[in-house]
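Once you've looked at the hints, dock chain B against the given chain A.
If you read the protein sequences in the order shown, they are chains A and B. Heads up: the first sequence runs through residues 6 to 562, numbered per the numbering used here. Heads up: the second sequence runs through residues 6 to 562, numbered per the numbering used here.
FYI, nobody ran anything at the bench for these hints, they're computed from the structure. Honestly, I wouldn't trust all of these hints.
For chains that are exact copies, the list does not tell them apart, and a pair is met inside one copy or across any two.
In silico SDA-like pairs for lysine to any residue, Cα to Cα no more than 25 Å straight-line [as the list claims (entries may be wrong)]:
id, residue 1, residue 2
1, 408, 36
2, 167, 66
3, 233, 289
4, 233, 363
5, 95, 25
6, 233, 290
7, 167, 81
8, 408, 477
9, 315, 483
10, 296, 263
11, 233, 368
12, 255, 505
13, 167, 233
14, 442, 470
15, 233, 366
16, 95, 81
17, 408, 496
18, 408, 38
19, 233, 79
20, 296, 315
21, 10, 51
2 protein chains.
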Amino acid sequence: MTTTKYDVRRGAYYDSVVLMQLQRGLIDLPGVLDAGVVMATPANCELLAANQLLPDSVITNPDDLLVVIKAEDDSSASDAMSQIDSLLAKRRSSASQDFRPRSLSGAVKQLPEANWVLVSVPGRYAASVAREALELGKHVFLYSDNVSLEDEIRLKQIAREKGLLVMGPDCGTAIINGVGLGFANHVRRGPIGLVGASGTGLQAVTTQIHNLGGGISHAIGTGGRDLKSEVGAITARQALDLLRRDPETKVIILISKPPSSDVATQLISSAQEVGKPVVVYFIGYPVPARKIGNIHFAISLNETAELAVKIGDQRPETVDKSPVSSLYIRGLFSGGTLAYETLLGLQASLIPIYSNAPITNYQLLKDPLHSEAHTIIDLGDEFFMVGRLHPMIDNDLRIRRMKQEAADPEVGCILFDVVLGEGSHLDPAGELVSAIKEIREQRIRELEFVAIVVGTDDDPQDLQSQISQLEDAAVKVFHTVTEAVEYVSLRFGTSRKNGFASINPELLRQPLAAINVGLESFYDSLTSQGAQAIQVDWRPPAGGNERLASLLAKMKK
Amino acid sequence: MTTTKYDVRRGAYYDSVVLMQLQRGLIDLPGVLDAGVVMATPANCELLAANQLLPDSVITNPDDLLVVIKAEDDSSASDAMSQIDSLLAKRRSSASQDFRPRSLSGAVKQLPEANWVLVSVPGRYAASVAREALELGKHVFLYSDNVSLEDEIRLKQIAREKGLLVMGPDCGTAIINGVGLGFANHVRRGPIGLVGASGTGLQAVTTQIHNLGGGISHAIGTGGRDLKSEVGAITARQALDLLRRDPETKVIILISKPPSSDVATQLISSAQEVGKPVVVYFIGYPVPARKIGNIHFAISLNETAELAVKIGDQRPETVDKSPVSSLYIRGLFSGGTLAYETLLGLQASLIPIYSNAPITNYQLLKDPLHSEAHTIIDLGDEFFMVGRLHPMIDNDLRIRRMKQEAADPEVGCILFDVVLGEGSHLDPAGELVSAIKEIREQRIRELEFVAIVVGTDDDPQDLQSQISQLEDAAVKVFHTVTEAVEYVSLRFGTSRKNGFASINPELLRQPLAAINVGLESFYDSLTSQGAQAIQVDWRPPAGGNERLASLLAKMKK
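Isolated chain A, as found in the complex:
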């Protein structure tokens, strides 16, 4: 008859390596069938239950340690129970360091050249350790998860003011100056620098680059929430700026889960300012184009690696630094799909952008008759179409709207399509060009016209003469949305300086030296990679007793 026994240690702190070792130690004892050793959070209790290891009667708090033993018989279970303390005492002590400081400030005295602090203590303690590190002037690799969003924002704001970097929270991976932090692969050094809001993303791409024969300069993690609106990609933007100024880095990769759309635009604008080629992979975000200026968009981790290696092998691109306009563009389309694809392409660089046929609700133009900021209008939308010919046949509506847009002093560019073929107007360019000439005569300021012409040499309108008429009126003509989007994005893309205190790029040239607070395996990993490191013998305040800790904190104030 199997039997199950349990033990609860109230408010006790052990690090997770110790808990794993205890569980394995218990399972190895004679007569023991299974064992569970967990911090008694609801999730962990459910997990025990799923493994038939949750005793019915037990009452626990999330900061209790719960040990459960299932054994063949009562005496085996009791024997195992009695060994918990001796197993706990057998702490792994692979860390060969003789003297361990008990505090971060003690560790800094011992290793003053440390430029990084690695934090992997439980989430509820992590923010205060990270803050202390920042106050000591150290960059932070914050592996811990279960850190609140508010804490993340506060830490990153402090770091930004001090010109320091906070990678994380929940940052699993980084490679700085050849040394892996957290989970990181051994990869060749080379010209590709990475910024990633995704730990395994960094691992997958850096390994793939290595396997393709390429190499990595640095890989900077940001933590998964860095690209939320509330955080505003502070770390990602610092990291882009840092890699921009790093002479070793020739190509930059930026990976993350889909960011908030305001943050996406900001990041793309930051990436444009980098000047170096940037491969962007926002996982699951629709790709605006294959390439806009120096930015290449990838659709998978694998393609991200392939693109970066390919670009790294090429001669550096000369980045076209055409003067950028801060005026708005207005798109007046007869073709709904052309309007939609244009919006899709421009939304990555032009903000805010509105439309009567929006992709997301917040892009909806309040009044389809009046444009705001950047606007893309589908004139073939049902709203305009009652008792009226399609704008591919009748240009009246579009010409009136063109004049309306041209009268707006904030408008710098009018973008439109000319769709030829059966059923369409027999000379659309002719009608539109005479309106454009009229506008040009009345307007003093420069106004650009850009056209996307869709047609073949067999179409009834004579493609070549349509294009010539447009070009003679100084209209910039493209044949695909893709080309027009790239042109307009580069001319009218939002330009923004981030205004952060710059991080000294020496950081990337100094030998990495680090103080580790938390998982000892990270200390082992640092020293095995030849980096200088020191392990702090960290204990939670008041031995993990929350009530006592909060009393102590109050007394300090």
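For chain B alone, kept in the frame of chain A given last:
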């Protein structure tokens, strides 16, 4: 002093060509500065107002004709007003047809070989004309917009039962057997067939194919709403099936704005069954992969054309028809990004699919401890991580979950990642393989294991021995999510027969002959392309008087 006069014709019907011609006629008269001729919908009245053409005092209904004249002086305005009737009488009569039937049934008697009816009457009349056409056994090209969704669904259901096609409503473009319907470009004949829920999309891609030297077999429009859940892509699926059976078509293109995700999966499954290569471009939908089996995913209209031409030039692919399993897959990941990218790739083919780290809310797994249908679990999610080592270090949680999934008879595949490098477990494959062997011994039915291994030859774990251990245990090993997604999609992708009455593929070989109801320019276009056509002298019931029309309709019942 300029003056503005107006005239309201209550409940009068004129087609939009007539209205445009009247407006242009009025503007050309001496002393006239501007004119507006519109059906008095709120949108059109707003448009008049935007052009300073809306009289303050006017009260109209949406089915009234409102004529507004702005002139230099009172007498010019009055003169112009007096000419409205004679201008309206000057109907364009380019249609060279001698006798015009007044009804659809009359037209069918005159041109019994007509296989298509083109409908471009105002939206409120369009559904009943289309329905009559279906009842006469004709395929329908429904150009009209402002048709209700309910009418669309009813029409398509009738068509499906009869093995007929309804392109539209709001279908702008089609090319059948070399003849363009609606707005269509003159393009070379060739092996590429298109299905498009987007009119200008079809135009942009067909012209680009032509300009690249390729050619088109047929282009079938569906109307923009066909890919909504409510309509269920009836026309798109009929069209895919039709092109599948058309020997002239070697490559198929499917374009649309992003469909509902259930419809996307259905369509991808239909596209897989086609067997021929299919290039899919769901505008703005994140691309699951470059290629899954016979399906290629494009990211722009331009790339869609380029891909199709390239594939059309290649020798036909031999499509791998490996037996498809109807069992579920369960993904157990230590890497969050790998889980996310896998979900992103599989969501296009596997339905329903759930996750504790979903992309869209409806994918959220109710209980992270219990999988349902296809499920992707990120075991590094915060939920699992309190007081526990990361699953890259500690395999305990994953091994327990693997056993749990294996015990579910509906599971056919367990997919997992093995992430090597600094910080990770020193022999993850070893631990996982011994669990897999244990599972294999206990389970009678076939269970596939698929692993994504991320690592380099320099990693501490020895990449090669990790892979060998997995392969020796008959685990299928991939190095990228991309490869694993393609493999799993093809093995476990949802297979569905559409169960529609097939459309006779003769339709695509017969010379196109059509009855046109509505815009005369479409009739002109058909005859100029050498197609047989007949124009119906259509008038709205009761001359456009809605109240009378509804009385008449009641009397018919």
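Checked hints:
no. : hint      : result
1   : 408 / 36  : between (88 Å within a copy, 22 Å between copies)
2   : 167 / 66  : neither (39 Å within a copy, 66 Å between copies)
3   : 233 / 289 : both (15 Å within a copy, 21 Å between copies)
4   : 233 / 363 : both (22 Å within a copy, 16 Å between copies)
5   : 95 / 25   : within (12 Å within a copy, 91 Å between copies)
6   : 233 / 290 : both (14 Å within a copy, 21 Å between copies)
7   : 167 / 81  : neither (57 Å within a copy, 75 Å between copies)
8   : 408 / 477 : within (19 Å within a copy, 72 Å between copies)
9   : 315 / 483 : between (28 Å within a copy, 22 Å between copies)
10  : 296 / 263 : both (18 Å within a copy, 22 Å between copies)
11  : 233 / 368 : both (19 Å within a copy, 21 Å between copies)
12  : 255 / 505 : within (22 Å within a copy, 56 Å between copies)
13  : 167 / 233 : within (22 Å within a copy, 52 Å between copies)
14  : 442 / 470 : within (17 Å within a copy, 72 Å between copies)
15  : 233 / 366 : both (18 Å within a copy, 17 Å between copies)
16  : 95 / 81   : within (21 Å within a copy, 105 Å between copies)
17  : 408 / 496 : within (22 Å within a copy, 57 Å between copies)
18  : 408 / 38  : between (82 Å within a copy, 16 Å between copies)
19  : 233 / 79  : neither (53 Å within a copy, 62 Å between copies)
20  : 296 / 315 : both (14 Å within a copy, 20 Å between copies)
21  : 10 / 51   : within (17 Å within a copy, 78 Å between copies)
Consistency note: the structure conflicts with the earlier hints numbered 2, 7, 19.
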